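**Q** Taken in order, these protein sequences are the chains called A and B.
For the first sequence, the positions run 1 to 118 when the working numbering is used.
For the second sequence, the positions run 1 to 293 when the working numbering is used.
Bear in mind the hints are in silico, worked out from the structure with no lab data behind them.
What you are looking at is a predicted structure, and each value in this text was computed from that prediction instead of being measured.
Keep in mind that a hint or two might mislead.
In silico lysine to aspartate or glutamate, EDC-like type, Cα no more than 20 Å apart, as pairs [stated by the list, open to error]: (1) A:Lys64 - A:Asp28; (2) B:Lys122 - B:Asp80; (3) A:Lys50 - B:Glu209; (4) A:Lys50 - B:Asp210; (5) A:Lys50 - B:Glu25; (6) A:Lys26 - A:Glu98; (7) A:Lys50 - B:Glu195.
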Amino acid sequence: MFDDRSPIYLQIANRIKDEVLSGTLKEDDQVMSTNQYAAFYQINPATAAKGFAQLVDEGVLYKKRGIGMFVTPDAREKLRTRRRERFFTDVVDPMLAEARMIGVSVEEIKRHIDGGVR
Amino acid sequence: MISLRDLTVRYGDTVAVDGLTTDLEPGKIYGLLGRNGSGKTSLLSVLAAYRKAAGGSVTVNGVDPFENPQAMRDTVFVRDAPDVPQADRVGKVLGFFARLRPRWDAAYADHLADTFGLDRRKRVSALSRGQRSALGVVIGLATRAPLTILDEAYLGMDAVARSVFQRELLADYLAHPRTIILSTHLIQEVADLFEEVLILDRGRLIVQEDTDTFRSRGVAVTGPEEAVETFVSGRTVLARQSLGGVRQATLYGSLDDDEQRRAGSAGLTLEPVGIQDLFVHLTSAERTPEAVR
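Put together the whole structure using the sequences plus the hints.
**A** Structure, rendered in structure tokens:
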């Protein structure tokens, strides 16, 4: 579910973004309504609505009046680009900092990757 | 809309609610939090017209609810045990409310009673503590009052019954939106259901905020003693603890990106606090409400 330590609407937005990125939600797929979402995750509907509004602002979802919310056709591509920009600072740099701290060399990391973790 | 202006409730020399002023918009779920004796029940009793204010005013949709039949039709107030005759059987109690309450949903009341395993043939006096709370919750929800006040209504319930209650409350609110005020000590369990939190401390309203915003208010700053103190100087520090040379200070207020970066380069760790801990820090005895404001 959601943790108590950061705004739930952001956690909702991030969860839906992950679903778009992983392909669970495809372009022009309809997402759950705020009420369905609230009932499913046991949260206040206003909180769910705020999460969805955030995604509309970011261009991940679009609204069809009276019908519901849908995944924007280029949402996945947009999210991938944004995450790629942050990949090295958010994922690789902390890993390298950890490696330095515990004395794992970049060579060892390279060997590990080449050893095939795919 | 509920409007409170300088509302005061007194018991002899004791001030239970101390000059409270606020507005509550209709259609939201409010969480009313506060320690024992902070004035929650006194405040709710005035809203439900169980008690007259000693000073100030309260209006619900523009009228004073006290001795007002229309306002009372639109309000239900449930405490930890239902205010019903102990000798009556559950079935009779439910029948009574069905006749008394204009929006009563009998089918829904039956569904809830079955869900909680309430035996309609039992007398109220023979119900367990948990079942008595369940009866109160059935009355509170099936009344479908535009102003539904649940004051520790589920106190006697076990964890399973509480989780059923929370599920039913949310489902019924989604189907029939209305103003719901829920007071509770079990903050972590229900905080996700609240649109706004209200925190009372010694009769004063010290927090009224969108739950998600409040959630991001507390920050724990950890690091070398001197660096922590330099960083927190001039801010509202709710608590401090030290272990060896390491200090942790809990701050009230959000930090912007710049401040977060500054903390990081000073070798400090920042962690969110969570609603329950934030509540504990804000209302622990050594703090005065003024210091938080």
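**Q** Taking the numbered hints from earlier one at a time, note which ones the structure violates and give those numbers from smallest to largest.
**A** 6
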